[in-house]
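A.B. asks: As given, the protein sequences belong to chains A and B, one line each in that order.
Sequential numbering from 2 applies to the first sequence in the working numbering.
Sequential numbering from 91 applies to the second sequence in the working numbering.
Be aware that a few hints might be false.
Lysine-lysine pairs mimicking DSSO-like chemistry, simulated, CA-CA at most 30 Å apart [stated by the list, open to error]:
| no. | chain 1 | residue 1 | chain 2 | residue 2 |
| --- | --- | --- | --- | --- |
| 1 | B | K105 | A | K43 |
| 2 | B | K163 | B | K147 |
| 3 | A | K43 | A | K56 |
| 4 | A | K56 | A | K67 |
| 5 | B | K163 | A | K42 |
| 6 | B | K105 | B | K163 |
| 7 | A | K43 | B | K155 |
| 8 | A | K15 | A | K65 |
| 9 | A | K42 | B | K99 |
| 10 | A | K67 | B | K163 |
| 11 | B | K105 | A | K56 |
| 12 | A | K42 | B | K112 |
| 13 | B | K147 | A | K15 |
| 14 | B | K147 | B | K99 |
Note that these hints are calculated values from the structure, not bench results.
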Amino acid sequence: GAVVSQHPSRVICKSGTSVKIECRSLDFQATTMFWYRQFPKKSLMLMATSNEGSKATYEQGVEKDKFLINHASLTLSTLTVTSAHPEDSSFYICSARPRTGGGQPQHFGDGTRLSIL
Amino acid sequence: AQRVTQPEKLLSVFKGAPVELKCNYSYSGSPELFWYVQYSRQRLQLLLRHISRESIKGFTADLNKGETSFHLKKPFAQEEDSAMYYCALSGSGGAQKLVFGQGTRLTINP
Numbered sequence: 002g003a004v005v006s007q008h009p010s011r012v013i014c015k016s017g018t019s020v021k022i023e024c025r026s027l028d029f030q031a032t033t034m035f036w037y038r039q040f041p042k043k044s045l046m047l048m049a050t051s052n053e054g055s056k057a058t059y060e061q062g063v064e065k066d067k068f069l070i071n072h073a074s075l076t077l078s079t080l081t082v083t084s085a086h087p088e089d090s091s092f093y094i095c096s097a098r099p100r101t102g103g104g105q106p107q108h109f110g111d112g113t114r115l116s117i118l
Numbered sequence: 091a092q093r094v095t096q097p098e099k100l101l102s103v104f105k106g107a108p109v110e111l112k113c114n115y116s117y118s119g120s121p122e123l124f125w126y127v128q129y130s131r132q133r134l135q136l137l138l139r140h141i142s143r144e145s146i147k148g149f150t151a152d153l154n155k156g157e158t159s160f161h162l163k164k165p166f167a168q169e170e171d172s173a174m175y176y177c178a179l180s181g182s183g184g185a186q187k188l189v190f191g192q193g194t195r196l197t198i199n200p
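Take these sequences, add in the hints, and give me the full structure.
C.D. replies: Here's what the structure looks like:
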């Protein structure tokens with residue numbers, strides 16, 4: 002089946018550090034990947050839609066300069082949390098939708114737990 | 091605006107009892123509805139989608155456009171069904187981004 006790999010699974014770092022999270026589709030190509038944020042006991046909130054070869058589309062209220070997204074290939078999207086602060090601590094999840102055929106469902110990664118001290 | 095509501099944060103039933111997880115949505119066009127499940131310490135995975143009209147692990151869900159609902163049902167709950175369940179909506183066309191409900195934690199008691 003379609004597998005999405007997300008790395009790292011957990012990050013703990015100091016305030017002011019920039020953190021990069023990778024999302025890879027292992028056995029399929031994805032023109033579109035999605036980045037979500039999940040607060041404790043809350044639902045997944047879409048942050049941005051990552052489009053291969055073009056700029057990401059950010060949801061309202063999400064700072065594009067804070068959360069940099071790069072989708073350089075059909076199998077890799079990265080999310081960089083720049084100058085992270087404690088309020089950025091959260092669970093970040095990516096998903097990818099196969100490019101083949103219309104209406105393909107999204108496949109999710111395991112998520113990255115980010116803790117900013 | 092797209093919105094998905096799961097009114098129950100927690101649901102607890104006994105093994106063998108019927109289960110129904112409620113999901114209501116708001117969308118002006120023709121939505122596509124999904125149920126995702128997250129078992130303990132595992133990633134979110136697709137359980138079923140309304141367009142396939144299939145039963146997965148004994149679960150079914152019917153899209154009721156009149157009531158704007160997509161409730162998830164199973165006639166006889168099993169202990170391994172204990173998990174977090176998310177209802178999600180995708181609009182037609184475009185990037186087909188998903189909007190998730192708050193989730194319902196289902197616990198099946200022995």
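A.B. asks: For each hint, tell me whether it holds in the structure or not.
C.D. replies: Hints, one by one, checked against the model:
Taken as a hint, the K105(B) and K43(A) pair is honoured in the structure, with Cα atoms around 27 Å apart against an allowance of 30 Å. A distance of roughly 11 Å separates the Cα atoms of K163(B) and K147(B); the hinted pair therefore holds under the 30 Å criterion. Taking the CA atoms of K43(A) and K56(A), the gap is about 28 Å. The hint holds against a cut of 30 Å. Distance restraint check for K56(A) and K67(A): the Cα-Cα separation of roughly 15 Å lies within the 30 Å cut-off, and the hinted pair is therefore satisfied.
Taken as a hint, the K163(B) and K42(A) pair is honoured in the structure, with Cα atoms around 23 Å apart against an allowance of 30 Å. Distance hint between K105(B) and K163(B) is fulfilled; the C-alpha atoms sit about 14 Å from each other, no more than 30 Å. With a C-alpha separation of about 27 Å, the suggested pair K43(A) and K155(B) falls inside the 30 Å cut-off, and the hint holds. For the proposed pair K15(A) and K65(A), the alpha carbon gap of about 21 Å is at most 30 Å, so the pair holds.
The hinted pair formed by K42(A) and K99(B) meets the criterion: a straight-line CA distance of about 9 Å does not exceed 30 Å. With a CA separation close to 41 Å, the supplied pair K67(A) and K163(B) exceeds the 30 Å bound. Straight-line distance between C-alpha atoms of K105(B) and K56(A) comes to about 49 Å, which puts the hinted pair past the 30 Å bound. Annotation: proposed proximity of K42(A) to K112(B) holds, straight-line Cα distance about 18 Å (limit 30 Å).
For the given pair, K147(B) sits about 44 Å from K15(A) by alpha-carbon distance, which is inconsistent with the 30 Å threshold. Our distance criterion of 30 Å between C-alpha atoms is met by K147(B) and K99(B), whose separation comes to about 22 Å.
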